[in-house]
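Chains A and B are the protein sequences, given in the same order. Counting along the first sequence from 1, when you hit position 176 you're at 475 in the numbering used here, and nothing is skipped either side. Counting along the second sequence from 1, when you hit position 604 you're at 608 in the numbering used here, and nothing is skipped either side.
Everything labelled a hint here was simulated from the structure, so no lab data went into it. Heads up, some of the hints might be wrong.
Below are the EDC-like pairs computed for lysine to aspartate or glutamate, each with C-alpha atoms no more than 20 angstroms apart in a straight line [unchecked claim]:
#1 B:K145 with A:E308
#2 B:K93 with B:D120
#3 A:K359 with B:E193
#4 B:K194 with A:E308
Taking CB as the label site, the calculated pair distances span [claimed, not checked]:
#5 A:E366 with B:K653: 45 to 51 angstroms
#6 A:R624 with B:E41: 52 to 58 angstroms
#7 B:E41 with A:E369: 27 to 33 angstroms
#8 A:Q423 with B:K666: 48 to 54 angstroms
#9 A:P343 with B:D185: 22 to 28 angstroms
#10 B:P107 with A:Q423: 25 to 31 angstroms
#11 B:V634 with A:E366: 47 to 53 angstroms
#12 A:A500 with B:E184: 44 to 50 angstroms
#13 B:D185 with A:K359: 21 to 27 angstroms
Every residue gets a Cβ at the ideal spot worked out from N, C-alpha and C, and that includes glycine.
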Amino acid sequence: MAVRRLAPEAVQPKEFSFTPETEAWTKQLVAKYPQGRQASAVIPLLWRVQTDCGGWLPQKAIEAVSERLEMPYIRVYEVATFYTMFNLEPVGKFYVQMCGTTPCMLRGSNEIRKVLEERIGAQQTVSDDGLFSWLEVECLGACCNAPMVQINDDYYEDLTPENFNKLLDDLAAGKKVNVGSQTGRKSSEPQDDVKTLTDPALYDGSLVGAWRKRFEEEAAQRPAEGKDKAEKEKTGKESLEKEAKKAEKEAAVAPKKGHPDAGRATERPVADAPAQQKAAGEEAVDLEAEDKDIAEKLAALSKDASPEEKADAVGSRPKALKKPRKDKPDDLKKISGIGPANEEKLHNLGIYHYDQIAQWGRPEIRWVGQFLSFAGRIDREDWVAQAKALAAGDTES
Amino acid sequence: MTKLIVDGKEIDVPAEYTLLQACEEAGAEIPRFCFHERLSVAGNCRMCLVEIKGAPKPIASCAWGVRDCRPGPNGEPPEISTRSPTVKKAREGVMEFLLINHPLDCPICDQGGECDLQDQAMAYGVDSSRFHENKRAVEDKYIGPLVKTWMNRCIHCTRCVRFATEVAGVPDLGAIGRGEDMEITTYLEKAMGSELQSCVADLCPVGALTSKPYAYTARPWEMTKTESVDVMDAVGSAIRVDSRGREVMRILPRVNEAINEEWITDKTRHIIDGLRRQRLDRPYVRENGKLRPASWQEAFGAIAKAVGAASPECIGAIVGDLPAVEEIYALKELMTSLGVANLDARQDGAALDPALGRGSYVFNSTIEGIEEADAILIVGSNPRIEASLVNVRIRKRFRMGPPPIGVIGEKADLTYDYDYLGAGPDTLADIASGKHPFAKVLSEAERPLIILGQGALMREDGAAIMALAAKAAETVGAVTDDWNGFNVLHTAAARVGALDLGFVPGEGGLDAQAMAGEGALDVLFLLGADEIAIPPGAFVIYQGTHGDRGAHRADVILPGATYTEKSGTFVNTEGRVQIANRAAFPPGDAREDWAILRALSDQLGHKLPFDNLAQLREKLYAAYPHMASVDAIAQSDVAAAVKAAAGLKGKPGDAPFASPVKDFYLTNPIARASAIMAECSALAAGESREAAE
Numbered sequence: 300m301a302v303r304r305l306a307p308e309a310v311q312p313k314e315f316s317f318t319p320e321t322e323a324w325t326k327q328l329v330a331k332y333p334q335g336r337q338a339s340a341v342i343p344l345l346w347r348v349q350t351d352c353g354g355w356l357p358q359k360a361i362e363a364v365s366e367r368l369e370m371p372y373i374r375v376y377e378v379a380t381f382y383t384m385f386n387l388e389p390v391g392k393f394y395v396q397m398c399g400t401t402p403c404m405l406r407g408s409n410e411i412r413k414v415l416e417e418r419i420g421a422q423q424t425v426s427d428d429g430l431f432s433w434l435e436v437e438c439l440g441a442c443c444n445a446p447m448v449q450i451n452d453d454y455y456e457d458l459t460p461e462n463f464n465k466l467l468d469d470l471a472a473g474k475k476v477n478v479g480s481q482t483g484r485k486s487s488e489p490q491d492d493v494k495t496l497t498d499p500a501l502y503d504g505s506l507v508g509a510w511r512k513r514f515e516e517e518a519a520q521r522p523a524e525g526k527d528k529a530e531k532e533k534t535g536k537e538s539l540e541k542e543a544k545k546a547e548k549e550a551a552v553a554p555k556k557g558h559p560d561a562g563r564a565t566e567r568p569v570a571d572a573p574a575q576q577k578a579a580g581e582e583a584v585d586l587e588a589e590d591k592d593i594a595e596k597l598a599a600l601s602k603d604a605s606p607e608e609k610a611d612a613v614g615s616r617p618k619a620l621k622k623p624r625k626d627k628p629d630d631l632k633k634i635s636g637i638g639p640a641n642e643e644k645l646h647n648l649g650i651y652h653y654d655q656i657a658q659w660g661r662p663e664i665r666w667v668g669q670f671l672s673f674a675g676r677i678d679r680e681d682w683v684a685q686a687k688a689l690a691a692g693d694t695e696s
Numbered sequence: 005m006t007k008l009i010v011d012g013k014e015i016d017v018p019a020e021y022t023l024l025q026a027c028e029e030a031g032a033e034i035p036r037f038c039f040h041e042r043l044s045v046a047g048n049c050r051m052c053l054v055e056i057k058g059a060p061k062p063i064a065s066c067a068w069g070v071r072d073c074r075p076g077p078n079g080e081p082p083e084i085s086t087r088s089p090t091v092k093k094a095r096e097g098v099m100e101f102l103l104i105n106h107p108l109d110c111p112i113c114d115q116g117g118e119c120d121l122q123d124q125a126m127a128y129g130v131d132s133s134r135f136h137e138n139k140r141a142v143e144d145k146y147i148g149p150l151v152k153t154w155m156n157r158c159i160h161c162t163r164c165v166r167f168a169t170e171v172a173g174v175p176d177l178g179a180i181g182r183g184e185d186m187e188i189t190t191y192l193e194k195a196m197g198s199e200l201q202s203c204v205a206d207l208c209p210v211g212a213l214t215s216k217p218y219a220y221t222a223r224p225w226e227m228t229k230t231e232s233v234d235v236m237d238a239v240g241s242a243i244r245v246d247s248r249g250r251e252v253m254r255i256l257p258r259v260n261e262a263i264n265e266e267w268i269t270d271k272t273r274h275i276i277d278g279l280r281r282q283r284l285d286r287p288y289v290r291e292n293g294k295l296r297p298a299s300w301q302e303a304f305g306a307i308a309k310a311v312g313a314a315s316p317e318c319i320g321a322i323v324g325d326l327p328a329v330e331e332i333y334a335l336k337e338l339m340t341s342l343g344v345a346n347l348d349a350r351q352d353g354a355a356l357d358p359a360l361g362r363g364s365y366v367f368n369s370t371i372e373g374i375e376e377a378d379a380i381l382i383v384g385s386n387p388r389i390e391a392s393l394v395n396v397r398i399r400k401r402f403r404m405g406p407p408p409i410g411v412i413g414e415k416a417d418l419t420y421d422y423d424y425l426g427a428g429p430d431t432l433a434d435i436a437s438g439k440h441p442f443a444k445v446l447s448e449a450e451r452p453l454i455i456l457g458q459g460a461l462m463r464e465d466g467a468a469i470m471a472l473a474a475k476a477a478e479t480v481g482a483v484t485d486d487w488n489g490f491n492v493l494h495t496a497a498a499r500v501g502a503l504d505l506g507f508v509p510g511e512g513g514l515d516a517q518a519m520a521g522e523g524a525l526d527v528l529f530l531l532g533a534d535e536i537a538i539p540p541g542a543f544v545i546y547q548g549t550h551g552d553r554g555a556h557r558a559d560v561i562l563p564g565a566t567y568t569e570k571s572g573t574f575v576n577t578e579g580r581v582q583i584a585n586r587a588a589f590p591p592g593d594a595r596e597d598w599a600i601l602r603a604l605s606d607q608l609g610h611k612l613p614f615d616n617l618a619q620l621r622e623k624l625y626a627a628y629p630h631m632a633s634v635d636a637i638a639q640s641d642v643a644a645a646v647k648a649a650a651g652l653k654g655k656p657g658d659a660p661f662a663s664p665v666k667d668f669y670l671t672n673p674i675a676r677a678s679a680i681m682a683e684c685s686a687l688a689a690g691e692s693r694e695a696a697e
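Construct the complete structure from the given sequences, taking the supplied hints into account.
Structure representation (structure tokens):
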């Protein structure tokens with residue numbers, strides 16, 4: 300593609316005005332856009348005007364469009380030079396855009412070019428009779444029917460010098476021509492005989508569900524195979540199982556070991572149902588029953604009971620340290636759900652380390668939950684498991 | 005406010021900031037070509053890439069909002085690095101692409117030494133090219149007499165296109181073609197039609213658009229840079245005068261948010277050849293009807309003879325549009341000591357009277373205040389040519405969300421939409437009485453702004469128009485405790501300073517029009533007054549810089565200094581006191597104007613009581629304390645001034661208002677001496693003729 304400029308003055312028409320039809324059409328077009336946004340109509344209007352002007356945009360037409368849409372000339376000029384679908388120089392009645400990109404070139408577009416050069420001349424010149432002009436363009440997206448050209452609005456495919464010459468003759472003579480493949484091919488079907496999907500069984504319904512049957516048959520054959528192989532498989536299977544078990548165990552205490560530097564608590568399924576907890580070997584907790592129990596106990600207390608009294612009523616106070624071990628508390632904020640405020644509260648309770656939290660049982664969880672007055676959240680966010688993971692990570696490092 | 009971590013430093017910035025602004029806030033320097041604070045964001049140069057933690061690719065920081073940054077998984081503030089290896093590599097990649105088609109012609113490029121691309125290539129460029137194809141070649145375009153193009157150098161940042169469209173409001177520039185074939189041009193290579201067009205050369209980060217008159221004349225590092233103010237109009241734009249030896253080589257804008265932001269007009273920038281041409285470089289005395297060069301002593305002797313023979317009632321003095329406050333003060337002191345009451349600084353006869361109060365003749369809202377106005381009425385003015393940078397502010401306000409803008413006077417293209425209300429005093433009278441529908445619009449506005457131009461005041465019925473405008477301001481409530489919406493827009497740089505000094509007719513004194521009457525005076529002193537015709541008869545002393553109208557009529561010529569050749573105080577249309585500094589020396593025998601008047605006073609036997617500029621300023625500041633507060637606007641009682649102005653008597657005529665500026669490029673003697681301004685003027689005239697056909 301080269302620099303695109305307006306056509307030389309010699310070929311520019313002196314005047315341009317919208318045809319009444321175009322004017323009416325423009326009115327409808329502009330009405331589609333909100334007030335003050337009529338510039339949105341510039342591309343369709345230029346396209347329409349190009350059609351009216353015989354396939355190209357003279358300077359006066361560009362200016363007329365600018366005035367109609369109240370745009371500066373340069374803005375419309377920018378659009379007209381940007382899009383290659385707008386021709387800035389005159390074109391023939393039949394404007395041939397020949398695809399010269401690789402697939403078409405491999406299938407013989409050079410022959411087609413020769414035809415064009417012989418019949419019409421150099422690119423972007425209109426033939427003497429004013430009927431033809433041509434331009435080599437990049438891929439038009441019909442590679443399966445290469446080589447091909449676009450003439451005005453239609454594609455003509457499967458070209459050979461012979462049928463292309465005939466096509467141009469017919470166009471010049473004003474005869475009716477077939478759009479699409481020039482060899483009679485239907486859209487992009489295989490050119491001669493069909494080589495794939497030929498099995499009639501494909502079309503009689505007998506193959507419905509066939510794949511499942513095949514897998515079942517294969518599975519049934521397996522035990523019949525050699526004994527050695529089976530044994531080998533068995534040991535393999537065992538070692539696999541072993542590995543899986545080990546991984547599972549590790550995952551419970553140190554999840555996502557692969558990213559030790561992530562430094563943030565990892566996500567894990569929370570609020571397991573009792574059944575899930577049981578399956579995972581944890582002590583199943585019926586949270587609903589527990590909530591009910593807590594509510595009853597609290598109701599028995601006087602209304603002005605301190606948080607501590609309330610907490611004592613529902614659980615037991617976790618074991619406290621007087622000060623952090625080695626005077627170095629763990630960063631409890633790493634546990635999702637503990638922010639700076641809660642961390643301080645926990646410190647006040649004498650809780651400084653992950654392993655302290657990791658050791659909490661139900662009574663402690665209930666006590667802390669009540670004390671910090673967000674009952675249930677410790678379970679929901681599973682502080683205990685998070686703390687276990689962090690504690691494990693700690694000892695490792 | 006949003007928290008961000010930039011290069012490990014935590015900062016708090018407003019959410020509407022872009023990342024680039026936030027990084028600058030944190031002290032990180034971000035290279036850029038297309039981004040400009042005062043233009044819309046294009047995001048097409050990709051030089052400002054930064055890395056955001058979590059984003060898969062580097063991000064163009066100019067086009068990425070702070071509010072678009074996602075926090076970390078636990079709500080940590082977003083982390084941005086501007087110095088990481090990824091960022092450096094990305095920017096080096098961008099730079100390599102930019103340099104693919106950029107010619108290696110720095111040694112002959114006018115941008116050399118002040119080129120963004122050159123500077124940034126030092127930081128991010130590689131020493132050799134991996135590109136072995138031919139470089140792109142682009143035809144140079146004609147886009148006007150002021151901007152030279154060298155389009156091979158263009159890196160397609162589109163700053164110029166955005167400036168022309170957004171700030172100047174004259175969408176002449178555009179980018180045609182696409183991809184590698186994209187080219188910056190005007191439609192069919194016509195000249196740009198903006199009076200701010202040379203600002204695109206400042207904006208251009210490379211040497212594609214440079215100043216045409218300045219081409220190949222100097223290098224930035226060999227010039228002395230002097231900060232000063234402009235006197236081409238009454239706006240008082242901040243400028244930097246670059247001089248080499250005795251010669252002013254170019255004028256560039258300085259940033260002053262309160263006045264010109266960072267733009268200046270073409271006239272401000274390109275009159276420099278006018279500073280050299282047609283200069284008065286020695287005194288002249290008229291003998292037998294012809295001017296002949298003379299010595300200072302001869303000139304002073306001739307003046308002393310003429311003044312000695314005349315009675316004080318028959319002596320007069322008129323101050324022109326360009327003198328600084330210092331010489332106006334010196335002239336006033338001299339004339340007062342001679343007992344002369346015929347003083348005037350209003351050569352155009354504008355009905356401005358300092359007796360009404362300062363609020364009646366300055367731009368009370370301030371130029372920056374225009375951005376706060378929510379309804380604007382322009383009376384008898386075409387701000388685009390009278391004070392282009394005031395017009396730029398109005399356009400800036402318009403682009404924020406159009407307020408109602410009404411115009412009474414000439415129907416001109418002001419670069420924004422307005423309601424045309426009428427041509428003359430009748431419409432203004434309708435608004436003053438509240439009959440006009442636009443009066444209701446102004447009344448409903450919280451901060452209505454009325455701009456009264458010189459076109460409405462420099463008429464026979466100027467006082468009556470002033471009264472009408474003041475009444476209108478009162479009717480619509482334009483002057484309240486916290487808003488001063490009554491504004492007079494001046495066109496002459498010296499005018500407000502002269503009015504501040506009270507350089508108007510004393511008791512029984514004649515005004516400028518009367519002084520210019522046939523046989524009114526025996527001796528007339530013109531201090532740079534070129535816009536007034538003096539009939540034969542009087543003995544005319546002209547003190548000024550250029551051989552213009554005043555010098556042609558003069559009997560004695562005293563050569564003075566232009567604004568780049570002296571230190572002088574100027575008061576702009578807002579009433580803001582500013583000081584212009586000396587960048588060069590006056591040519592030949594020409595002297596600083598106050599010194600000439602001081603020497604003359606000695607000859608006339610009324611020696612002025614100061615021997616140097618410092619002493620003069622001491623006296624000036626003692627008499628007019630507000631002149632001492634430079635870069636500030638003295639407070640005044642605007643409400644009282646408007647009330648006094650509304651009480652002026654007179655019957656308004658019917659003639660429509662006309663702008664006093666007929667030709668933007670030729671408004672003063674310096675501009676009239678400039679060949680470049682003449683070329684621009686001819687071009688503009690040709691275009692307006694074309695438009696009229």
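Hints, verified against the model:
Straight-line distance between C-alpha atoms of K145 of chain B and E308 of chain A comes to about 18 angstroms, which keeps the hinted pair within the 20 angstroms bound. Taking the CA atoms of K93 of chain B and D120 of chain B, the gap is near 19 angstroms; set against the 20 angstroms cutoff, the hint holds. Between K359 of chain A and E193 of chain B, the direct Cα distance comes to roughly 16 angstroms. Compliance with the 20 angstroms bound is thereby established for this hinted pair. For the hint pairing K194 of chain B with E308 of chain A, the CA-to-CA distance comes to about 16 angstroms; that is within 20 angstroms, so the pair holds.
Remark: the range hint 45 to 51 angstroms for E366 of chain A to K653 of chain B is upheld by a beta-carbon distance near 50 angstroms. Remark: the range hint 52 to 58 angstroms for R624 of chain A to E41 of chain B is upheld by a beta-carbon distance near 55 angstroms. The beta-carbon spacing between E41 of chain B and E369 of chain A, approximately 30 angstroms, falls within the hinted interval of 27 to 33 angstroms. In this structure the hint that Q423 of chain A and K666 of chain B lie 48 to 54 angstroms apart at CB holds, the actual value being about 49 angstroms.
Checked against the given bound of 22 to 28 angstroms, the beta carbons of P343 of chain A and D185 of chain B, roughly 24 angstroms apart, stay inside it. Here the CB-CB span from P107 of chain B to Q423 of chain A is close to 29 angstroms, well matched to the stated 25 to 31 angstroms. Between V634 of chain B and E366 of chain A the beta carbon distance is about 50 angstroms. The supplied range of 47 to 53 angstroms therefore holds. The given range of 44 to 50 angstroms is broken by A500 of chain A and E184 of chain B, whose C-beta atoms sit roughly 56 angstroms from each other.
As the Cβ distance of D185 of chain B to K359 of chain A is approximately 24 angstroms, the hint placing it in 21 to 27 angstroms holds.
When the structure is compared with the earlier hints, a violation turns up for hint 12 alone.
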